[in-house]
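Colleague: Just need the whole structure built from these sequences, with the hints factored in.
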Amino acid sequence: MQQGGQPSSTSLRLCAHQYVVAAAGRTFAGSAGPRQPGAKKRRAKVKSVPTARRAAVEQLLRVEEGAYVASVAGLAGGQSASTKQHILTDRDARLVTELVSGCVRWQRRLDFVIESLTGAPVTRLDPPLRQLLRLATYELLELGVPHHVISEHVSLAKQLMHPGAGAFANGVLRNLARLMAEDAVPRPAHPTSATLTLQQRADLIGIAHSHPSWMVQRWLERFGEQETLDLLRWNNMRPAGHGVRVAPAVVDDALLHRLAAEGVTAEPSRFLPRDFVVVRRGLQHLLAKGLLAARGFQVQDESAGLVVELLDPQPGDVLLDCCAAPGGKALYALQRLAGQGLLLAMDVHAGKLRRLETAAVEQGRAGQLEVHTADLRDHVNALMAGPPAGPGLQSCDAFDKVLLDVPCSGLGVLSKRADLRWRRSPADLAGLRLLQAELLEAAAQLVRPGGLLVYSTCSIEPQENEDQGIGMEPL
Numbered sequence: 433m434q435q436g437g438q439p440s441s442t443s444l445r446l447c448a449h450q451y452v453v454a455a456a457g458r459t460f461a462g463s464a465g466p467r468q469p470g471a472k473k474r475r476a477k478v479k480s481v482p483t484a485r486r487a488a489v490e491q492l493l494r495v496e497e498g499a500y501v502a503s504v505a506g507l508a509g510g511q512s513a514s515t516k517q518h519i520l521t522d523r524d525a526r527l528v529t530e531l532v533s534g535c536v537r538w539q540r541r542l543d544f545v546i547e548s549l550t551g552a553p554v555t556r557l558d559p560p561l562r563q564l565l566r567l568a569t570y571e572l573l574e575l576g577v578p579h580h581v582i583s584e585h586v587s588l589a590k591q592l593m594h595p596g597a598g599a600f601a602n603g604v605l606r607n608l609a610r611l612m613a614e615d616a617v618p619r620p621a622h623p624t625s626a627t628l629t630l631q632q633r634a635d636l637i638g639i640a641h642s643h644p645s646w647m648v649q650r651w652l653e654r655f656g657e658q659e660t661l662d663l664l665r666w667n668n669m670r671p672a673g674h675g676v677r678v679a680p681a682v683v684d685d686a687l688l689h690r691l692a693a694e695g696v697t698a699e700p701s702r703f704l705p706r707d708f709v710v711v712r713r714g715l716q717h718l719l720a721k722g723l724l725a726a727r728g729f730q731v732q733d734e735s736a737g738l739v740v741e742l743l744d745p746q747p748g749d750v751l752l753d754c755c756a757a758p759g760g761k762a763l764y765a766l767q768r769l770a771g772q773g774l775l776l777a778m779d780v781h782a783g784k785l786r787r788l789e790t791a792a793v794e795q796g797r798a799g800q801l802e803v804h805t806a807d808l809r810d811h812v813n814a815l816m817a818g819p820p821a822g823p824g825l826q827s828c829d830a831f832d833k834v835l836l837d838v839p840c841s842g843l844g845v846l847s848k849r850a851d852l853r854w855r856r857s858p859a860d861l862a863g864l865r866l867l868q869a870e871l872l873e874a875a876a877q878l879v880r881p882g883g884l885l886v887y888s889t890c891s892i893e894p895q896e897n898e899d900q901g902i903g904m905e906p907l
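Per my numbering, the very first residue in the sequence shown carries number 433; after that it's consecutive.
The set of hints was computed from the structure by calculation and includes no laboratory data. Treat each hint with caution, since some may be false.
[Unchecked claim] Ranges between beta-carbon positions, derived for each pair: (1) 780 <-> 619: 17 to 25 Å; (2) 553 <-> 794: 20 to 28 Å; (3) 669 <-> 630: 20 to 28 Å; (4) 810 <-> 583: 55 to 63 Å; (5) 866 <-> 653: 46 to 54 Å; (6) 699 <-> 858: 36 to 44 Å; (7) 584 <-> 795: 43 to 51 Å; (8) 770 <-> 873: 47 to 55 Å.
Source: prediction; values computed, not measured. Idealized CB from N, CA, C, for every residue including glycine.
Modeller: If you want it as structure tokens, here you go:
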């Protein structure tokens, strides 16, 4: 033990080992020990404690089980079920969003620090304890919360599991606080040695900046080290604001004043100043109160609006949105048609198309919308084989403008989708590239001579973008 009752790094690692081994031989709720081989995976249960930290741990557990950060942290259209359950204030709801997004974004670096302190893989800890330690480490290292808040983390560990978990968390977090005071927080070695392989450099950089090594290596080969580091830092930045499309209203001073009266800080979009605002503060309030839906407003990234801007729908155009779900771009395109013309929205997900239809009705745009549940490739094959066989099927060369927003890796929006970096693999890119090529070939058959085909992704990878257009000729 260190003077002052602080456990040393060595004793803490021994404590962690003994704690895990002792727990492995017993069965009790909230054990910090590893699951036995062949044991059925069960969802971790936690007691209900109405605090932002407790809600964040619960939502992190849901993310670990496969849920998307946006769906549990209230970023995709409203407060999550967990947030509603705990009846959090707007301020606490914002804190939960920050904690969940931040813990997932910095997960690899947080795990490196925790494992350095305990001498054991975080995978050997029970899920509630693992997520609690990530949460506390994130708050200490990234948010700079006072060290006395550790007592709240320890209390929460006891509530989530049992007193032993609280004692373990206390040892880990007090040791981290001591190392922070000594400027000795565990860090990966600096990747400057000339003897390091590319893979080794990618591993060290990936830990420091919390990205998968394969992703870092890919960018090191393409961009070099400095540009890669700049990209990783950008990916780890918190979004400065959220885009909101305000149709059927128009962005003007009166609208901004009304938003300000409701505690919302917003400004016109730099790129689409008539139709979009960027909300800097107060989005959770708008979502929780249902004010966005009541006015026909929609949370929509400016980049999605720019895709429609490039398509440039004009009154009277006949449009096709090939992969329309969830429908944000289609709704904006309908707005630009101004009641004249037609948009056919196609997707393989019938439920999402029904929601698009409902939204179009609510916004008074249903008269210009048709939907068709189909795979674009099957749709085109059916057209090539003979006359139209059902609703929504059109002849080839039928559309003035076609939008193909393809399924993609999303590697260009990692700053906005914190969990996506952990959900992708190199194999995903290969499969997506093939799918994108097939969809692009099919979509090209549906554009009239002299028409426009807009191909868009959320990726920065050439294989998903410019390489897909090689060999295509203007129609």
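Colleague: Each hint needs a verdict: does it hold in this structure or not?
Modeller: Results of checking the hints against the structure:
In this structure the hint that residue 780 and residue 619 lie 17 to 25 Å apart at CB is violated, the actual value being about 46 Å. Hint check: residue 553 to residue 794, Cβ distance near 50 Å, so the stated range 20 to 28 Å is violated. Distance hint check for residue 669 and residue 630: the Cβ-Cβ separation is about 26 Å, which falls inside the suggested range of 20 to 28 Å. The given range of 55 to 63 Å is respected by residue 810 and residue 583, whose C-beta atoms sit roughly 60 Å from each other.
Range check, residue 866 to residue 653: about 22 Å between beta-carbon atoms, so the 46 to 54 Å window is missed. Remark: the range hint 36 to 44 Å for residue 699 to residue 858 is upheld by a beta-carbon distance near 39 Å. For residue 584 and residue 795, the Cβ-Cβ distance of about 45 Å falls inside the hinted range of 43 to 51 Å, so the restraint holds. At about 32 Å, the beta-carbon gap between residue 770 and residue 873 misses the expected band of 47 to 55 Å.
In this structure, the hints that do not hold are numbers 1, 2, 5, 8, in rising order.
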